[in-house]
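Trainee: Chains A and B, in that order, give the protein sequences.
Read in my numbering, the first sequence has 59 at position 59, and its numbers run on one by one without any break.
Counting from 1 along the second sequence, just add 82 to a position and that's the residue number in my numbering.
Everything labelled a hint here was simulated from the structure, so no lab data went into it.
For clarity, every value in this text was computed on a predicted model and none was experimentally measured.
C-beta: ideal position from N, C-alpha, C; glycine also.
Hints should not be assumed to be uniformly reliable.
[To be verified] To spell it out: a stretch of chain B is covered by chain A in this simulated footprint if at least three of its residues, at any positions, have a beta carbon under 8 Å from a beta carbon of chain A; those stretches are: (1) 137-150; (2) 189-201.
[Claimed, not checked] A short list of chain A residues far from chain B (calculated; beta carbon distances all over 10 Å): (3) N26; (4) D31; (5) L46; (6) S49; (7) A58; (8) I78.
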Amino acid sequence: MKALVYVGLKPGVLDPQGRTISRSLNDLGFDEVTGAFQGKVIELNLKNSDEPREAIQARVEQMCEKLLANTVIENYRIELKD
Amino acid sequence: MKTAVIRFPASNCDRDAAVALETVTGRPTQIIWHRDTSLPDDIDFVVIPGGFSYGDYLRSGAIAARSPIVKDIIRRAEKGLPVAGFCNGFQILTEAGLLPGALMRNKNLKFVCRPEKLIVQTNNSRFTSKYAAKSEVIYPVAHHDGNYFADDATLNRIEKNGQVLFRYANNPNGSLRDIAGIVNEAGNVFGMMPHPERATDPVHGGTDGLDFFKSIIESI
Chain A
1 MKALVYVGLK PGVLDPQGRT ISRSLNDLGF DEVTGAFQGK VIELNLKNSD EPREAIQARV
61 EQMCEKLLAN TVIENYRIEL KD
Chain B
83 MKTAVIRFPA SNCDRDAAVA LETVTGRPTQ IIWHRDTSLP DDIDFVVIPG GFSYGDYLRS
143 GAIAARSPIV KDIIRRAEKG LPVAGFCNGF QILTEAGLLP GALMRNKNLK FVCRPEKLIV
203 QTNNSRFTSK YAAKSEVIYP VAHHDGNYFA DDATLNRIEK NGQVLFRYAN NPNGSLRDIA
263 GIVNEAGNVF GMMPHPERAT DPVHGGTDGL DFFKSIIESI
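Produce the entire structure from the sequences given, and follow the hints as far as they go.
Mentor: This is the structure in structure tokens:
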């Protein structure tokens, strides 16, 4: 099983990289872009397990809280894939 | 008086910090490896130095903050051991939860490296007692991720408690409220992006950092 963890800055936290990307796309003529947020994706390979999905999800949440995200400034979202 | 400097893979100010401590204490400083699981019992003051620990992988300071030695530093700091982190050391202390807030990418996205004027906010602390309050000092800065962030409630709380010890005169990185250096509520854990250890010898171009080390050493 794989877990995809998306980590990005919380709304309200200044994201100068996102702003620069957005402005650069506008410079290229993509006027429809009104904002960009840059984050990261962490793909975890997990051992096969008989545990229920909720339990696996809860473990990955712990990983986010303990290491993968800095919750002072970042949010995270988890997708489990078979 | 026993002092120690922690060395992580890609620390690069560990020697500078050790020399500064040895200059002020007149005694050798111990270098402690990040895989060690405990500090020596008789250590009086620990410095977490600048650098790019673990290549800044994941986030600056994130991996170092979960290393074996930092677990023991957290335990000892909670019992009152004085700890200071400069630059990457500050990032590690926030990642470890010993100091509030986080250090983000500089607002202008540029690496900034220059002498920086700071204003000492208070001398009512173990780390600044040798300075006159509101005095100006110059410490070098050299960082890419030094933009201090905390939510408004946290900022208000640390300001009210007198935990902001240094502010930038000319904010180089976008730090909220010009915050350059903070101490924890108990007053024994300090972090800042600038480098006092690089201002401790006339050949550095200035010695404004000496009183920082004298303050904390004399408080022990």
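Trainee: Taking the hints in turn, state whether each one holds.
Mentor: Hint by hint, here is what the structure shows:
1. 137-150: holds (count 4)
2. 189-201: Coverage by chain A holds for the segment 189-201 of chain B (3 residues, Cβ < 8 Å).
3. N26: 17 Å, holds
4. D31: 23 Å, holds
5. L46: Given a closest Cβ separation of 18 Å, the condition holds.
6. S49: 24 Å, holds
7. A58: 20 Å, holds
8. I78: 16 Å, holds
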